[in-house]
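Here my numbering is used: the first residue of the sequence shown is 1, the next is one more, and so on.
Hint data in this document are derived by calculation from the structure and do not stem from the laboratory. A few of these clues could be false.
[Claimed, not checked] Restricting the straight-line Cα-Cα distance to at most 25 Å, the calculated cross-link-like pairs of lysine-lysine (DSS-like) are:
1. K152 - K77
2. K152 - K41
3. K77 - K41
[Said to hold, decoys possible] Pair by pair, the computed Cβ-Cβ distance ranges are:
4. A55 - P87: 25 to 31 Å
5. A55 - I144: 17 to 23 Å
6. P19 - T161: 35 to 41 Å
7. A39 - G62: 35 to 41 Å
Nothing here was measured: the structure is a model prediction, and the numbers come from that model. Glycine included, C-beta positions come from ideal geometry on N, C-alpha and C.
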Amino acid sequence: MAGQASKPMSKPTGKRMTPVGATARGALAGLVGTAMMDAVKYVRFRRGGGDQGLAQWEFSPGLEQWDQAPTPGQVGKRLYEGLLQRPLPSRYATLTSDVVHWGYGMAWGSLFGLVIGSTPFQRLPRALAGPPFGALVFGASYVILPLAQLYKPIWDYDRPTLLRDLSAHLTYGAGVSSLFALLSRR
């Protein structure tokens, strides 16, 4: 190509989000999606006769034994003990449950942001990607948690239980995708 003038490198158009930016936006969206999912579950709890206040219900203060801890706490305990090869005292049951619950929602949100925000999938309408994403998170729970012996296999749950859980996860997905779409506007 001798004698031809070289073309200057083109500048980015600004349409593509960086992976770090997409992941950070996704994590924040995951936090909000988790709060929305929990709001749905809390309203159902109250309608079902539950009388705990939101903070008491959400953060479960005063857990004294690991067998009282919800699934996120059980997962966190196993991860801690598996990685560090020492027992996690039960006084950390509440903190572990809360950190894993919110961290799990943020981690899935980060993955959503990375995939939707910085890959060819970014051309999809971001707000519409939420329900399939929520269904994916729901499905993953019913694969991973039974393998860890923390849930029963999906076929051991009745339809109303699964539909309540699926609808909460669809709310999560809608929250994640909607906030991510707002945070991604230029």
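Verification of the supplied hints:
no. : hint                   : result
1   : K152 - K77             : holds, 19 Å
2   : K152 - K41             : holds, 20 Å
3   : K77 - K41              : holds, 24 Å
4   : A55 - P87: 25 to 31 Å  : holds, 29 Å
5   : A55 - I144: 17 to 23 Å : violated, 28 Å
6   : P19 - T161: 35 to 41 Å : holds, 37 Å
7   : A39 - G62: 35 to 41 Å  : violated, 22 Å
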